[in-house]
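A.B. asks: So the chains spell out like this:
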Amino acid sequence: MYRIDFNKLRFLVCDDNAHMRRILRTLLHSFGAREVYESEDGATALEMFSHYVPDIVITDWSMPIFDGLELAQMIRQPEANGNPYAPIIMLTGHSEKRRVTMARDAGVTEFLAKPISAKGLYQRIMNVVANPRPFIKTKNYFGPDRRRNTNNSYVGPERRTGGEMEVMQQPSLLDKARIPG
Amino acid sequence: MAKEKPSAVQVKTFPDHHVITQPNPLRGALRYVEDKDLDDPVARAEKALEGLSGEFDNWMSIECDRLASAHATILKDGFSALARDELFRAAHDIKGDAATFGYPAAAAAAESLCRIIEHAPDLAKVPAELIAHHINAIQAIIREQSSIQRIGVANELSKRLRGVADEYLTAVNHDRPEHLEAILAPSIVPGE
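Chain order of the listed sequences is C and D.
The numbering of the first sequence is our numbering, which starts it at 1 and goes up by one.
The numbering of the second sequence is our numbering, which starts it at 182 and goes up by one.
Next comes chain C alone, as it looks inside the complex (with noise of 0.2 Å):
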């Protein structure tokens, strides 16, 4: 089996609830990690992320300055300073539908419904390092493939064209969401 040395990852925590940041950088440290930063807002976070370019993202939703959607948005900028393919995983007390896809949509990797668990944070973070997946670029997206239906019949807005219907042997977004965290 697999296991993940979390010495050689660098990690960026953004929350603007410092007990939650405590926690995070408490769970982190006790896998292994050693280079955790952390931020309390958007700001901040990208900020740091383009100084310490961190392996993985862990950020909230809610914050102020601008928000952890607007965090990801602004790191899945092709061009932009920094590394745009870095795995966010958005760790949140919002738990519905319609904000999964929202983060989806938004280039998030993986997300986390809080409460936390030591057991759904190690799980998240093994999935973006052993399987990450495909980027896509389009007109209006540049993020993980979001690619789930298997449907070869599948009309839809953003449904593209070209290529192998290939599809991520992976849950969607939501069905994660819906795992414990």
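If you're looking for bench data, these hints aren't it; they were derived computationally from the structure.
No experiment lies behind these values; they were computed from the predicted model shown.
Just to be clear, a hint being listed does not mean it is correct.
Now the in silico label distances, taken between C-beta atoms and shown as ranges [unchecked claim]:
hint : chain 1 : residue 1 : chain 2 : residue 2 : range
1    : C       : Met-126   : D       : Ala-352   : 41 to 51 Å
2    : D       : Tyr-213   : C       : Pro-134   : 22 to 32 Å
3    : C       : Asn-81    : D       : Pro-367   : 35 to 45 Å
4    : C       : Asn-7     : D       : Lys-228   : 16 to 26 Å
Glycine included, every Cβ here is placed at the ideal spot set by N, Cα and C.
Assemble the complex: chain C is given as a structure, and chain D must be docked to it using the hints.
C.D. replies: Chain D only, in chain C's frame:
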């Protein structure tokens, strides 16, 4: 830290999209271990979290004070955008944190309050008692945790509040289908 060179990126171009693939940039952080390996990072993290649990009551009390203060500002000055955001964030943080800190019933009551703030068409028209009852219930669950749990009313209190809040939200959103759909949709989080 664990990245491949950017030159390894492959781009396939199609009429309306590009598929960008790169060798796993984080594969250097993956390590194969024998099944008999006894190290369990999740158990280690759970133990570390348990070590923090002595602080949870104090943290919850701080969150509770923040909520009460946001409510006091609204009672004094009304619902400005800033006051609304602060009340929502305070309630939303309790919704997210409280179960981790050992107060799941407070999380449920805070979620109900968040739904009112998010989906009421005009917060100034929400009956003041509906918001006050939520805040009082959250405070009671947190401050009187042991006695409330003992008589087993915390979950019932949160459930009743959610019922009253949903009834109100359904009535005031009858002509706003997008809100109605969000209010009536089941939560994606199991066990709620």
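A.B. asks: For every hint, state whether the structure bears it out.
C.D. replies: Checked hints:
1. Met-126/C with Ala-352/D: 41 to 51 Å: With Cβ atoms ~45 Å apart, the hint holds.
2. Tyr-213/D with Pro-134/C: 22 to 32 Å: holds (24 Å)
3. Asn-81/C with Pro-367/D: 35 to 45 Å: With Cβ atoms ~41 Å apart, the hint holds.
4. Asn-7/C with Lys-228/D: 16 to 26 Å: For Lys-228/D against Asn-7/C, whose Cβ atoms are near 19 Å apart, the range 16 to 26 Å holds.
Violated hints for the displayed structure: none, as all numbered hints are satisfied.
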